[in-house]
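A.B. asks: Sequence:
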Amino acid sequence: MLFSTITAAFFCATSAYAAALPPAPGKPHNYTPAKNLDNLAKLFPQSDLTSPDGMALKYVVLGIGTQNYTCANASAVPGTTGAVATLYDIGTKLNNDRDAKWKIATISPLALSMAEWAPQLVDMSLQAQGFQNVAGHHFFADVAGTNTPTFAFDQLSAPYPLCQVAKLGAVDAPKTACTGKNGLPAVQWLYLQHKAGIAQGGITTVYRVETAGGNKPATCQGMPPTWEVKYAAQYWVYGPKQ
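FYI, in mature numbering (1 follows the signal peptide of the UniProt record, and there is no 0) the residues of the sequence shown are -20 to -1, 1 to 222.
Derived from the structure by calculation, the hints contain no laboratory data.
It is possible that some hints are incorrect.
[Said to hold, decoys possible] Calculated lysine-lysine pairs in the DSS-like style (CA-CA distance at most 27 Å, straight line):
{"no.": "1", "residue 1": "LYS83", "residue 2": "LYS210"}
{"no.": "2", "residue 1": "LYS147", "residue 2": "LYS221"}
{"no.": "3", "residue 1": "LYS15", "residue 2": "LYS221"}
{"no.": "4", "residue 1": "LYS175", "residue 2": "LYS147"}
{"no.": "5", "residue 1": "LYS15", "residue 2": "LYS73"}
Note that the coordinates shown come from a computational prediction; the quantities given were computed from them, not determined experimentally.
Make a model of the complete structure from these sequences and hints.
C.D. replies: Have a look at this one:
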């Protein structure tokens, strides 16, 4: 069992190479995120999404959680109720890591492999990489009747950064992206920007990149009324330059 767990994690990591308020926050972690991520900003994962030109990189976090789906009947197309994820600060450690450009593509696949095959080892794996600090949470909240992606950095000092965003762009994940247990392509990379709801703490734009797992089948055949698919992704969070 341990061998299969390690093998799965290695396989996915190798493949990656080739009123809308958040829940009450827990006790903030006793750590300070990096204030300047200029080094890491040069390594922003490239795609056909609109680039973050003219903005400052504020945070880079690893989201580990679930994409949440619904089915009305067996012949329906699966719907979605959004996603929930814990956001781990990876930017602070990567910013001055000379190996960051090689590590970036492996972080999400390894996290998903651990979450799916050995969830009891997730914290240990993150600790070993220096990514143990929880910065906040990702969830969906109602904004004027619309289920809205929300990023709350509620483990940082109050008043903490929070941004509610809308999808402005999407591209398919690379074919090499880790598929997860269901064997489906990883969820898309997204370009998200604040349009309504709350934006505070200097963050306005979020990119979901380096995705692993999380996708749904084409139809609801054989699926329950509601279900979750584990995923991992990096969220590169930007705001206006000061």
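A.B. asks: Run the distance test for LYS15 versus LYS221: straight-line Cα separation, threshold 27 Å.
C.D. replies: holds, 12 Å
A.B. asks: Does the alpha-carbon distance linking LYS175 and LYS147 stay inside the 27 Å limit?
C.D. replies: holds, 9 Å
A.B. asks: Holds or violated: are the alpha carbons of LYS15 and LYS73 at most 27 Å from each other?
C.D. replies: The hint holds at about 12 Å.
A.B. asks: For a C-alpha distance cap of 27 Å, please report whether LYS83 and LYS210 respect it.
C.D. replies: It holds: about 21 Å lies between the C-alpha atoms, which stays within 27 Å.
A.B. asks: Run the distance test for LYS147 versus LYS221: straight-line Cα separation, threshold 27 Å.
C.D. replies: holds, 22 Å
Violated hints: none; the structure is consistent with every hint.
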